[in-house]
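Protein chains in written order, with our numbering: chain A, 1415 to 1921; chain B, 12 to 698.
Quick caveat, the hints were computed from the structure, so don't treat them as lab data.
Be aware that one or more of the hints could be misleading.
Short derived list, chain B residues pointing at chain A, Cβ under 10 Å [as the list claims (entries may be wrong)]: (1) N178; (2) F203; (3) S624.
Ideal placement from N, C-alpha and C gives every residue a C-beta, glycine not left out.
Now for the letters of each chain:
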Amino acid sequence: MMENLPFLSILIALPLIGALAILLLARGDDETVARNAKQVALANSVVVFLLSLLLWTGFDRQDPGFQFTEEYTWLAQYNIAYRVGVDGISVLFVLLSTLLTPLCILSAWSAVKTRVKEYMVAFLVLEALMIGTFVALDLVLFYVFFEAVLIPMFLIIGVWGGPRRVYSAFKFFLYTLVGSVLMLVAIMTLLFTQGTADITVLIEGDLGFALNLQIWLWLAFFASFAVKMPMWPVHTWLPDAHVEAPTAGSVILAGVLLKMGGYGFLRFSLPMLPEASEAMSLFVQILSIIAIVYTSIVALAQEDMKKLIAYSSVAHMGYVTLGIFSLNGLGVNGAIFQMLSHGVISAALFLIVGVVYDRLHTRMISRYGGIVETMPRYAIVFMAFMMASVGLPGTAGFVGEFMTLFGAFQDRMWIGTLAASGIVLGATYMLLLYRRVVFGKLEKDDLRALLDMTPREIIIFAPLVILVIWMGVWPMPFLDIMASSVDALLVPFVEADAAGAAVAASQ
Amino acid sequence: MFDFAIEKAIVFLPLLAAILTGFADKRLGDRGAQILTSGVMVLSALLSVWVFVQVGLNHKEAYVVPLFTWFASGDFATAWALRIDTLTAVMLVVVTVVSSIVHIYSAGYMSEDKSIPRFQAYLSLFTFAMLMLVTADNLIQLFFGWEGVGLSSYLLIGFWYHKPSANAAAMKAFIVNRVGDFGFALGIFGAFMLTGSVAFSGADGVLEVASHVDADHLLPGLFGFSFQTSVNVICFLLFMGAMGKSAQFLLHTWLPDAMEGPTPVSALIHAATMVTAGVFMVARLSPLFELAPLVLDFVTVIGAITAIFAATVGLTQFDIKRVIAYSTCSQLGYMFFAAGVGAYDAAIFHLMTHAFFKALLFLGAGSVIHAMHHEQDMRKMGGIWRKVPVTYAYMWIGSLALAGIGIPFLFGPAGFGFAGFYSKDAILEAAHAAHSLVGNFAFWAGITAAFLTAFYSGRLLFLTFHGPTRADQHTFDHAHESPLVMIGPLVILAIGALLAGGVAYPWFMEGGHHAYEAGKHAKEATDGATFWAGSVVKDHDLIDKMHKSAAWVKVLPLVMAVSGLGLSALFYLVMPDVPKRIASTFSWVDTFFRRKWFFDELYDFIFVRPIQSFGRFLWKVGDGGIIDRFGPNGVASASQLLARFFSSMQTGYIYHYGFVMVAGLVAIITLFLLGSGFFGQLLGGGN
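Using the sequences plus the hints, can you model the full thing?
Below you can see the structure in the form of structure tokens.
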């Protein structure tokens, strides 16, 4: 049955239909409109999430190729088409997107008071575009989705953001502009030389580029993906964007949008430009180490909770790039896992900040202290995600961090060793944050009146808590689903290694 | 699912109890929480004893309880599994017995606390993590337990979260341990690359592979280094983890501060169980460590330095718990240098006896603190022995066991005495018998520390219980013996401190005096059905030499212990002004010891402060001053026009962005539609 349905297109279309319905049908006074918009958006996103679970159950874990594929001709003479499909890598990101969207909508339930209708529309459109990015199998289609995602994100920051939203949106814009222009050039080059925009064809094998040109193309893609990750030193837009974004915006930004960079490396850089990826691996690894160490140290000095978590995101994404460019199984599997776990953990951490922000309207760490007295449930949830963030074994954070470091160590011992210093630094800033916010004596009067988490908030966190422990204790279902696709992805690198070993042995 | 139900129950019942107590705290109530967690722990302890009897005494072969795969990628795989062998069985008994006693004791000690269920839940959670650690069948699960006990320790040290000092201590413990874990994690990577496995059991497991390495069968080294270099580096990294967890010299600074936690926590975690995990790890990996002689020497030296260093600090502390904490640190040093010279059996033996008498001392100290209305400063105690006679007796038993009092050669070659006497003597004999430079260093350090140990133990007893009281009248008048729920369970520990050494000596030190003469010639033949059954490496050569040690090696520790106790009696009972005069005459020595050799100040100076200011520097100068200035802000200000352009379209940038994107797309399509081969040729030329 499912083979005949354009399943992925339905997933993309449903949120758009929901958004359209809200725009066209919501009538009445402001309050009614807001309530209806929220309800429709929530129902819509929950249905999309439940439907997307069919991807999980219907996915053939043995098949490394693309499944649920669809193709409709668009510009036949240039071989540009609407092509979608998922493999073991992208399917997980689709699920991450569909999971986080309803939680975001729930988290904005009472936090957003102005232009509620538009807010809900923006999130549903964002969801459709995120799914589109991860399922697109055509260069042009991918580019459209990849860049279009930013439009609702800009709107969310620009309309519902904090006081310095213009500066931060401008900064975000400038970085991504440079990246996307360069990526466009690379995509054009691929189109011209290969005569097709079909990603499934392009990743198949040797595109016949000289190493020189490969490296230029690689750098062009890199410019875009590195900004998205974000990697050091193009990371400075992220803390500003997070600080100004509303809670749900931060959740999607950290939870899904950052992963598009890592996904891009896996979908384009590695399979299409393997020699360049190999040649540039040390470069990326060094930047990753700087990201881990530098931003962890910077996080120590932060006074704003969101900034601290934003910097920690940069450090955690450092593990991702480190793992990907270790170019071995542990590294790449670990990197994908780390993206998923960071998607859950950082989303939860931003929601955690949102919980107290909604109550006190400040993110300054020094304004808190001792809130475990008044918010014991909150303290438990915060503790769980704090520990997940520092990579405590038994939580999702450990598996990704451990595997990426392991992969890096296998690749280059000294890189793995330096990167592992993040184990210490990461614990330091998170424990310091927790201590300053949750522990200590309850001295400030307004903190005494804080109410613990509401049932709505518990519903938001419950799936995240379950997920973060499930992924920590029994991550195999996730690793299984990606394994064969990752193996296929790594074939050129394994062959290169084997060839290298054979040469070494014959000498 | 019901296979191996007993082993699974031992490990997972405490987790279940922790979860139930943690989340159903309201419904259970304080009493319910105490009964549930304590009951589960006692059950777990009884089952552990059963397992110990099966494996240790009835020589049932070691086995593994498989659970399920944890994570895997390519050649790498790791599973959740419970390994049961003698080493594990010993640890199971130690952990569950002490934990049960601490659970019950806490019902009395914490009776005035307002978060009793939370406390009991943490204790049970800790016990679960510790049991996962000791039953681990692979390095990764060991690491899970390792960090899990670290988490529980963090939660319990900071249990009184309104105290800033407790929060600071909890953080310090976690982070210093993380420094060790950094090495541990790297060591795991290396061990996998060297042996091809992280599992312990099986023919391909780390232990089996390591024990088949000899001069003719070396494994390939890593990254072009020789096998010897690789294995030494790996073991060094693994040992870093042990140094952190077991508070060894250089990574010891967290343990004394950890005394901020409630006293039952100190007894369970920071004396009997968690801090001994490092010793357990070295023993568990003994086949691997045996391949790394340089690291073993390092282990010996660090252990010896710790033994003597911590004892010197213990001499000068006035907080009753800190004295015992430094004592723990020092005793862990003994265990490590035993392992370093190859006497893993003696190290675990001392681990076991120490668990009993040190838990007894801590819980006894807790009883004193309870009696004195939460006073911990020995300068404000004194003269209370009549008021707390049972506690007083316990403290004597614990102290004499710690000091290692016993009579050599009485009732047989092992002598006769308190528990610590057998194990400490075994360690000192082993160090002496190693006949190496580091072995001799450790031996003399151990002998000196034995004197210091006896001295500070006596000092603690006399300052706390004897002499005219220095407590205020009210506290003194109201000093009272602790309730039965506290002092009752301590009987088990007291019996352990009295008898555990003598009873267990023939098991742990088999091939020792009793079995030695009888089984000397049949050594190989009996190997299969011995107590240890190969769960730790036995150095038969060392055992051989231990038996030939001269009589003075056995007599000297006793001489040191007795003179240490005697001197402390002289100083603190007979001439109480002498210590003060000595302290003021050698004030710099006193200050140096009392301020813990200035390690906290040193680390603060070289790590903590610089990294804080470095963080601000990178943020303000790196991100703000350089990247932003020459990046986005620079672009903006470089061109007045551009700046005005952007600022004039404060909200328009979104459409602008959309415009750029659409323009780009149009550009591609146009180029195609024009059929221009120009770009194609240009780019194709790159081929």
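Verification of the hints:
Hint status for N178 (chain B): holds, given a least beta-carbon distance of 5 Å to chain A, under 10 Å. Checking F203 (chain B) against chain A by beta carbon gives a least distance of about 8 Å; that is within 10 Å, so the hint holds. Given the 10 Å rule on beta carbons, the hint for S624 (chain B) holds: about 9 Å separates it from the nearest Cβ of chain A.
Every hint from the earlier list agrees with this structure, and none is contradicted.
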